[in-house]
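J.: Here is what each chain is made of, one letter per residue.
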Amino acid sequence: MNKRYLAIWFPYLVTDQMAIKQESLAGQAYALIAQERNKQIMVRISRQANRQGLRTNMPLADARIISSDLQTFQFYPQKEQKLLKAMAEWFIRYTPYVALNSPDGLFLDLTGCTVWKSEEQHVEEIKAHFYGKYHIKIGIADTLGAAWAIAHYAKEQIAKPNEQLKHLLNLPPKALQLEESTLQRLEKLGFYSIDSFIHIAPSTLRRRFGDEINLRIGQALGRKPEAFEPITEPNPYEERLHCLEPIQTAKGIEIAIANLLETLCSRLQKEDVGVRNATLSAFRLDGKLQQITIGTNQPSIHIKHLFKLFELKIKQIEPDLGIELFIMKVTKIEELPKQQETFWQTDTPTDLGEIAELLDRISIKAGKNAIRRYLPQEHHWPENSIKAVTNLKEQPETEWPMHKPRPTVLLNQPEPIQVSAPIPDYPPMTFTYKNEIHRIKKADGPERIEQEWWLNEGKHRDYYQVEDEKGQRYWLFRLGHYNSKTTAQWFIHGFFA
Amino acid sequence: MQNPLQKIIIERLQREILDLEGFKTKTQSDQSKLGLKILEDNFPNQTFPTGTIHEFVSEKPEHTACTSAFISGLLSKLNKQNGIYIWIGKQRQLFPVGLKKFGILPHQIIFINLVKQKDILWATEEALKCKSLSGVISELEDITFAQSQRLQLTVEKSRVTGFILRTQTAHIHATACAARWKITPLVSENENHLPGVGFAKWQVDLLKVRNGNTASCTVSYHHGELAIIENTAPYLFTHQAIGS
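Protein sequences appear in the order of chains A and B. Going by this note's numbering, the first residue of the first sequence is number 1, and it counts up by one from there. Going by this note's numbering, the first residue of the second sequence is number 1, and it counts up by one from there.
Don't read these hints as lab results, they were simulated from the structure. Small disclaimer: the values here were computed from a predicted structure and weren't measured. Hints may be right or wrong, so weigh each one.
[To be verified] Below, in silico cross-link-like pairs of lysine-lysine (DSS-like), each with a Cα-Cα straight-line distance of 30 Å or less: (1) B:Lys157 - A:Lys304; (2) B:Lys116 - A:Lys365; (3) B:Lys116 - A:Lys470.
[To be verified] Which bits of chain B does chain A cover? Going by a derived footprint, with three or more residues having C-beta under 8 Å, they are: (4) 36-46; (5) 120-130; (6) 195-208.
We treat Cβ as the ideally placed atom computed from N, Cα and C, and that holds for glycine.
Pulled out of the complex, with its shape left as it was, chain B reads as follows (with noise of 0.2 Å):
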């Protein structure tokens, strides 16, 4: 039988390590933050965590569009308006120019591109050690345990917020980050019936969280407000669902 003491003492170290892990204990003021109730309650804390790092996999182009969309909806909620991002990757996909709906002004963010994922962890490395930015996404094909353990071991010190966007998802194991995404677009939504393409939906899942649970939801994205549809079943297979 457990103690009741140990009971409270481990619940109190438990919380120490998830400060310590980046995760912030709930504060009045920033309560739901991103509008995203459902999706945030799945998170230690019941908040979105920062200073942590965020894993977003995605295979093809029209998945990297909506996590690209997703992201940028996500800082421009968490940020105030003169932050400064820095976006790492091979080759400039992003279109800058598209960027604005989603609530960041393009010129906020500095592209850099890089050929070896050697030299782009490197500098994600670098860019995450500096306190001054407000968000770092990354590209990279593939991360492994320690590559992300590092990273998380320099978000720590310095308290910024990393997005790791993968690519190749054949193959994944676990990372050290704190949340594994996934966003796949879903037909849009059209108001009243208009013809044509209407406002941006996303199928959202969270597929892995540390200390959390899994969540899934349809979210929507219109006059720059993340907005959850309807919340879907939690989320079982998740490596089926990736492999397919």
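Bound conformation, chain A alone (with noise of 0.2 Å):
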């Protein structure tokens, strides 16, 4: 049987995307620049651009003689990949095979998917759906390569089965997707349309222009073999679950549970990764949606401990008449670490793994706020000092500050006190703090640390190690320096053991 393939064409993918997200472009003439050596090149340009006669990999200097508004952003080249991935994604409708060609076309086999609707339908409802907000070009052909002259070169779209010669000789020499050098050649020698060339003997081509043209001509009218390759169908990480009798009981929801989960884990244990979110769904009888959310610190494929962050969370469902439906269906996943490879690993955790899953069981109740490990931070700012962490295995990547004196319990906010001090840079005498007198015996100090200038601005403070008559260790600050005007302000900061 015949193949048949549908070649789409996106002649501005990106800068039309832009354009729909951001509705002020619409109409106007921008272009993605990107860094060439010392120039910078426009990449992709949108259409406006181009009716003003600017063209691709035109240097941006020269464009801006043509067209001084035009607007310049960066052109991300993964943005546009991922964009057209999506879109091969969503004309999965069409055909199950749907093959990428970068960096701003998409192939289609067509092949046997005619049943329903005609090739003319087919290219209608595209051209349907994209109208308004992409431009796209379109060509059927019976093979790759006339598929992709058509949607790019020719006016017609389809070209019926066996008849891609016959459109295939109006179009010039870049229809074939020849090599910039071959192009120029067969334009030296006066070769303008494909049809001055194609009858020419091969090996005589072969002489002249090399492999390339034989090859190119032959995939075109489907006399050698081109590759393609299809994109996989996304397959989301969801299970559901039917019910035949409504469920209202906990217990209910508990083994609805346990059977999601157990298909979702195996599932994930093959292709190596693991839960880090992932949200049970459940629709009710009267058509409402009851949803529970979890989440981990780490990749896990443990069932029993996914199983028990649901089930803190049970309760917050509310079955009413009855649940039909569970869909679980994870929503983040991550690669598993290498040591949970091993297939015992789903039933007993490892070391660190133990302590992970404690800790989820806790953020589950407390929220991921609550927990915090600190790590030291190169700063002498005290409050800046450490900084909070969420990861456990991150180990410090500077030694733990030892040279200076700092305390055990440090308060949250330095808190004012009264002080009676004898003169200037030396600790006070008395101090009271929470309506309590405490008389200084002993005394280190001063270490003054100055606010970091290029974070904070502010006075410096004077830090002391106080000890009272009972044996007290405290550390005490004064804010700036002394001043014959002001008194000086004097606070706590900290208790040492």
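Join the two chains into one complex using the hints; note that each chain is given alone, in its own frame.
T.: See the structure below:
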């Protein structure tokens, strides 16, 4: 049976998307630029820019002469690739085989897909869908090469079976996707359209232009094979459980969760990934939707553990008349750490894993922000000298500082105290904190800590470590310099052991 | 009159009960790990009991600072270098940087901040179930006998050492904890009459020890070692002392 291919070309793929996202750009001339050596090159341009005579691969400096109000944006190739991939996934509704033709095209294998709709109807439907959003060009032919050529260069859209040659004849040599050097040579010799050289004997063509031209002609006419690599259909990590009888009890929900987890985890294990976030949706008889969501600190496929996390939240579900359908969806996955690969890990967790699971349970109840580890940070200002991390494995990059005395308990906010201090640069003799007078017997300091001007403006602090008559040790500081006009402010900031 | 055979049987049973409650029999290898022999002698089997719950009372932040330091001093002696600890409390007041001096690397501690007492108790129990932890420290306002009993039963299974730091000291009633401690600061110790604040020194009171004796002594901490300086008189009027 004859193959039928549909080629799609989005001449302004990224720029069209930008106009959809940002309405003010619609109908404007703008370009995406990339730096190439010391030149800025326009990599993608909008339709309006094209109308003004701009072309891709033009230096931006030249373009400015033609169009003074040209807007420019940075070009991100990954974004374009992602968009094209998403497009390809959308086209799976027409055929199971969709291939990418980077950077701005797609191929659809339409063989046998025209039972319900003719090829013309397909073309019309696709065009209608994209009308006003994306500029699109379509070509249908027996071969990939011919479909591509028709989409890019021909006026008509469909080449009837076995008629691709007829449609190719009037097209320029570029339509065969030849290399730049070959194209230049063809032009030099006066071959402006395909019909001028397509009937020349292959051996003669090869002598002049190399092997490539014969290969391309053969592929376009269907004499030589061309690879078609379809994308794999996305398969969301989702499991459904229909209930014969509506479920109303917590026990029933538990069984449902256990069932769903088992199927999901066995699939995740095969793919070497673990759950980070998962959602359970329960559809009630009266049409209402109830959802509970869990998250983990580490990717996990430990069924018992994940079940416990869901169990903590079961009481949030109101079954009312009963639940008829459960859907469990894994919304975030991550590759499993290497040690979990062995198959018995689904039952007994590792050392650090056990702690991670404990923290998961706590964070479900108390929220992620409740759990903290601290690592040293290279700042003198005491409040900035530690940083909070959530990762269990992260190790400090620098040593914990030991050279300066630091209290064991630090107040979150320094609290003002009343002091009587003899002369500048001496620790106070007494201070009052929470209505209690402390007589200072021993003191160390001062240790001056300046504000880090690149982070924060403010006065410096002169810290003293003091001990009162009972042996209680405090960390006090005076804010700023002594001044004859105003009294210096003193604060308590911590307690030493 | 008690039969000598009965006496032997009772002694053996007592030993078995102790073993079940988490008090390990003394072995040659772990003799006086802490370096606090006089204190340790007051515990059953003359060893500091691990795998049990210890209760620390501290009413003022000054005392909390000393208690935290003392606990980290104990933990660093009891465990290997790379243990992981969980510290559960209402709001973190502990300053991680200040802990290294007392033998614990601050990044070994996972801090959990919870608001409700009930949640703290729940998290403490969950944490105590986790065998991979080297210690669980929990800051609580108060704990009832039933609650402490529940925690004790948890650690008997998991053998994790728990430390409860209680801040409310007005009404202290019996708990199922292995020991009740009180650490208060003392005037620091200056070497060779050097000026300034010297090495940390604390009054360590063992107010209550299950199957053991109360004790009281002054302990100093320098160069990473806990050392007993003086054995003060046994603490008799414990409740009066707490109430003051």
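J.: All hints, please: hold or fail.
T.: Going down the list of hints, with the structure as the test:
A threshold of 30 Å between alpha carbons decides the hint, and for B:Lys157 with A:Lys304 the separation of about 20 Å falls inside it, so the pair holds. Taking the CA atoms of B:Lys116 and A:Lys365, the gap is near 11 Å; set against the 30 Å cutoff, the hint holds. At most 30 Å may separate the alpha-carbon atoms for a hinted pair to count; B:Lys116 and A:Lys470 exceed this at roughly 34 Å. Counting residues of the region 36-46 of chain B whose C-beta lies closer than 8 Å to any C-beta of chain A gives 0; at least three are required, and the coverage claim is violated.
Check result for the region 120-130 of chain B against chain A: holds, 6 residues qualifying (beta carbon to beta carbon below 8 Å, three or more required). Check on the region 195-208 of chain B: 7 of its residues sit with their Cβ under 8 Å from a Cβ of chain A, so the three-residue criterion for coverage holds.
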